[in-house]
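Engineer: With chain A fixed as given, assemble chain B onto it according to the hints.
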Amino acid sequence: MNTTSQPVIVAEKLDLTFQTNDGPVQALRDVNLTINKGDFVSFIGPSGCGKTTFLRVVAALEHPTGGQISVNGMTPDEARRARAYGYVFQAAGLYPWRTIEKNIMLPLEIMGYSSDEQAEHVDRVLKMVDLEGFGKKYPWQLSGGMQQRASIARALAFDAGILLMDEPFGALDEIVRDHLNEQLLALWDRTGMTVGFVTHSIPEAVYLSTRIVVMSPRPGRITDVIESTLPRERPLDIRDTPEFLEIAHRVREGLRAGHAYDD
Amino acid sequence: MTDATMTAPARSTGFGRAVRGTWNAVFPVVVVVSVIFAIWYAACVPMNIKAALDQAERDGVIVNPAGATARDRRDMSAIGLAFKNPEQAGDTFVQERPRLPAPHQVARELWKTTGDMVLRGKAFSKRSLLYHAWVTLSATVLGFAMGTVGGVALAVGIVHSRVMNMSVMPWAIASQTIPILAIAPMIIVVLNSIGITGLIPKAMISAYLSFFPVTVGMVKGLRSPDGMQLDLLKTYSASQGETFWKLRLPSSMPYFFTSMKIGMAASLVGAIVGEMPTGAVAGLGARLLAGSYYGQTIQIWAALFSAAILAAVLVGVIGALQRMTLKKMGMVR
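For the record, the sequence lines run as chains A and B. Each residue of the first sequence is one higher than the last, beginning at 1 in UniProt numbering. Each residue of the second sequence is one higher than the last, beginning at 1 in UniProt numbering.
Chain A extracted, bound-state conformation (with noise of 0.2 angstroms):
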């Protein structure tokens, strides 16, 4: 399969200054980064290591200030109008007045599908993400899990082939997490989506990942990729495995060596 890996994201000498009160503050320095289709990419790091600006530079929210990133060969302002991404925020962010599948709508009526086509997506969708019978509830009848799980099929919902996460099992607890991990990679397995997906947890990147971007913060960079031996099919209890806890302790080393806790 990687073989014959095409490029859909790649970033060369990436920098990113924000100006701010205290002084400008660089968010990203150098980064360079490929990922390939059908890659599901982990960025791990403490707070501040541009992880999370970096995939907001994927998405064009926000604009380097040197560097080079094109996204399926075009710039990340191009590929949102040509619908390359979906989004999935931290928390659900779903409208409360809207129904589930109002919501997963949402994007449809905004991109201009025509009814017909928004139902289907809807129905098909749901079906991915296991909430079937769900549709014409509303956000507050639903767990937070399952909030996110419609979070996920809204960013599906218009056939983008990236999914960009952003800590989105963050907010959840362990159990509800786990179980939506095991989904999360089913889901990708099936579609061969590109997913770039941000997180805190070592144990969710090294379970989720074919490859692992370790960033440190002040400045923003990326300080080891390591590529996962794990194999394509991951039942949970692979985490026991000692295949596993390796990989794990690489990123452990790599957050190590990239520290900024200088206590």
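Any given hint could be a false lead.
With a cut-off of at most 20 angstroms between alpha-carbon atoms, the simulated EDC-like pairs for lysine to aspartate or glutamate come out as follows [what the hints assert, rightly or not]:
#1 K102(A) with E78(A)
#2 K234(B) with E78(A)
#3 K102(A) with E242(B)
#4 K102(A) with D77(A)
#5 K246(B) with D226(B)
#6 K137(A) with E120(A)
#7 K246(B) with E101(A)
#8 K102(A) with E120(A)
#9 K102(A) with D72(B)
#10 K84(B) with D59(B)
#11 K37(A) with D189(A)
#12 K234(B) with D77(A)
#13 K328(B) with E101(A)
#14 K84(B) with D54(B)
#15 K136(A) with E101(A)
#16 K137(A) with E101(A)
#17 K234(B) with E167(A)
#18 K234(B) with E109(A)
#19 K84(B) with E57(B)
#20 K84(B) with D72(B)
#21 K327(B) with E101(A)
#22 K112(B) with E96(B)
#23 K50(B) with D72(B)
#24 K127(A) with D116(A)
#25 K127(A) with D189(A)
#26 K102(A) with D130(A)
#27 K220(B) with D231(B)
#28 K234(B) with D189(A)
#29 K136(A) with E167(A)
#30 K246(B) with E109(A)
#31 K234(B) with D159(A)
Among chain A residues calculated to face chain B with C-beta under 10 angstroms, some are [what the hints assert, rightly or not]:
#32 A59
#33 A60
#34 D77
#35 Q90
#36 Y95
#37 P107
#38 M111
#39 Y138
Hints were generated in silico from the structure; no laboratory data involved. Only a predicted model underlies this, so the values are computations on that prediction, with no experimental measurement involved. Virtual Cβ for every residue (Gly too), placed ideally from N, Cα, C.
Structural biologist: What follows is chain B alone, placed relative to chain A:
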């Protein structure tokens, strides 16, 4: 047999719970209202005692302190006089022009000028409070509609335009610092001179008072979506219009209704104030003014109460609309 005895107490406790529930809801209201009435009646005695004593003296009754004339009593403490003449306390509740009318006097006046007139088929005669309330209500509602539309329009401009954000808000705030009593006669005179009379000038004053809470509430409401929700729409390349209709406007609904309640109350005050300086012949404001010209305190209080009842009804209507709308939107559980 056993079944019947099993179900009977269960049903009675259900009924008992319903009664208790209603009682728990009504009890605090009853307590507060009783306290207010008690204070009110108590206040009537010292407020009206001097007139009661003067009348009693004219009727040949000896009042305390003996030998003091009506003139002497004018400088004495009303509370002291009330304690020295408990026999005259009853007379303080039945005067024709009391300083402070008793609750039952106000209630009787209210009935006489509303329900009683309806029964006699003269609901809209000039002496009917219903007629005056209707005059005030029409100005209030028209002004409120103008103020709400204007307030929402201003808020939309402020949220979408940096220039309006910087320039309009200070003026809106400044406009509310001018006492309405000072500006109301001028609005009426200016509009009169260009040939606009009747309902419109009063409605303008109402609009002037009611647009501000709507603007402030709607600016807050339209800005209530957080950065994440705005970013989400950005990832769909949504236009400013789509962001407004699909996110900002629905998010602002709870703020909208709350600010409309404040706007409605302000609007009623505006209409009443607008009826005062012009020597208007109709409306609750005119009724208040006429009452104070002729020392008809009971009439003043009845007009005040009908204004309060009107405000409560109008705010209640908006509250009902709010519940219905939010329920329909799925925002109420």
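Engineer: Go through the numbered hints given earlier and state which of them the structure violates, listing their numbers in rising order.
Structural biologist: 1, 4, 9, 28 and 29
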